[in-house]
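Colleague: Generate coordinates for the entire structure from the input sequences, incorporating the hints supplied.
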Amino acid sequence: MNKKYYLQSVLRVVFMGVLSFLFLIPFYIILRNAFATDRMIIGRKWMLWPWPMHILDNLKELFANEDVNIFTGLRNSAFIAVTQTFFQLLFASLAGYALARIPFRWSKQVFAFIIATLMIPYTVTFIPTYIVVAKLQMVNTFAGIILPGLFSTFAAFMYRQFFLDFPIEIEEAGKLEGLGYFGLWSRLALPNARGISIALGVIAFMRSWNAFLWPLVIGQNSSMWTIQVVISVFLTSQTIIIHEIFLGSLVALIPVTVLFFVLQRFIVQGITMSGVKG
Amino acid sequence: MHTRIMPKAEREGFWAFVLFVAPLITGLVVFTVIPIVWGLLLSVNEARGTVALHHFVGLQNYILLFQNEAFLNSLKTILIYGLFIVPGTIAFSLGLAVLITNTRKGQGFFRTVFFMPMACSYVVASLIWRMSLFNGMRFGLVNTVIKFFGVAPVAWTSTAPEVWFPLVTVRLWLQVGFYMIIYIAGIQEIPEELYEAARVDGAERGWVVFRHITFPLLRNTTLFVLFINVVNIFMAFDEFYNILGGTFSTTFNLRLARPPLVYLYTTSFTAQDFGVGSAGAFIVAFCIVISTLLQGRFVGLGRGIR
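Those protein sequence lines, which keep their order, are chains X and B. Each residue of the first sequence is one higher than the one before, starting from 1 at the first, in my numbering. Each residue of the second sequence is one higher than the one before, starting from 1 at the first, in my numbering.
Bear in mind the hints are in silico, worked out from the structure with no lab data behind them. Only a predicted model underlies this, so the values are computations on that prediction, with no experimental measurement involved. In this text, a Cβ means the ideal position worked out from N, Cα and C, and glycines have one as well. Just to be clear, a hint being listed does not mean it is correct.
Label-pair restraints from in silico Cβ distances [as the list claims (entries may be wrong)]: (1) N221(X) to N68(B): 28 to 34 angstroms; (2) F227(B) to A64(X): 46 to 52 angstroms; (3) P103(X) to H55(B): 48 to 54 angstroms; (4) P52(X) to K147(B): 24 to 30 angstroms; (5) T112(B) to R75(X): 25 to 31 angstroms.
Mimicking PhoX-like on lysine-lysine, the simulated pairs with C-alpha atoms at most 25 angstroms apart in a straight line are [to be verified]: (6) K45(X) to K147(B); (7) K3(X) to K105(B); (8) K4(X) to K105(B).
Modeller: What follows is the structure, encoded as structure tokens:
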């Protein structure tokens, strides 16, 4: 009995080890290709690891190449992702707080409206939203890329749930000290919602950083390409320098991976909350 | 009732509420509600190279689409893709969650490894898949592995049935960890006493326990995963575009497997036909609604009522 249990758990660990190995292969490939020469990559046999590693050469080449807009792409992505994350959280937390705490005659209807738009899939709104953005003369502008992504009904919903569970006594104490609703939101509710804000924020940032279709459609001018569009353009063009595009992708992957590792606990919390409450 | 004078607190609340909610609601009206209404109107107009509503054509755009083989094929493509992805994701993520929660050592490590692909974008993953993993040349990793077993190299991204291997594996790799986290949370909600009771009854942790305790109690989690997955699958674009796409101007291998969003993308942005594009979006929306309702039927959402 005990022996059987022991054998089972050993088998389980071995099996998971093999799976982990398979899951890590793509990350290994990106590192391998980033520091190799193209001749090494397309050689007859699979090269396990580039030797010698071309770290400095490849970085220098990437910096020097004016056709590859990696840095414009990174700058655009950073600007778009930071702006979207900030305003998404701001608008969602304001709305979520009002829905949870401020008595209002049509509060229920407003909430129902938010839930209704939460259910509408992106496929449906994608082309019509483009049409509105085109009418507003915002194609090929950062406003066109950024604005439609500032309004997260999901985040508003999560904030509402959070503020509903927030102890009302603290806010009543704040009211006695003369705080208005804005003060209650900014001084008491929001500072206590740090965990959920980080969770929603990091998920919003990753989504925005990794977004592809919308920036592709709106930011047609190469000066507006995000890093994902830059990589895609070079991937789908006829002539590509393999190690350069992989090094560029590695650079694109670093900020989100760092965020991921540092804030993993919050991401897991955020997903867990959405799974349990959604 | 309506004529009563609002007390001061309520009046203050009225304006606070309006101001707090205004940014979000305005945004939703401008970028969701108006687009949907406009899209609906455009779908019954001829709108080539314009987004203005000038030429009413009734249901003609819809009829055109239903006679269009490429569009119908795109629906077929997404159906096939969904048949791979949806059950695959559920089985895979549930399996991983069960394995991880049953492991004592290295739980955190395994969880991180399976979850990590979430940080990667579809574009970068497609690059890895297309250039190295499933490259059709001899230097592709999968081709290297199958050569070891004496199989000739396969042109993964340009032949018909083989193309599903890269397309399915890339999405599974990217999304399985996310759903695994949801399942782990679900498993942790199951009261430990149930497992203890099962042990007393002689059932060890294993298949029996999984079938009679874990899986049935995760029903709501599974429904959630199923629902999100089905809605998401209709939005598939990035991996098809980047793994199969040729250059910006041609659509190269995309003909092999073109999902609705790629079809609508080319109709609307390459061909500038916004009337047909909008009509297509609403047909896809209709498909989403239908498949959601069917799901409810199959898994028996109303079972509790009976």
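Colleague: What hints, given by number in increasing order, does this structure fail?
Modeller: The structure breaks none of the hints.
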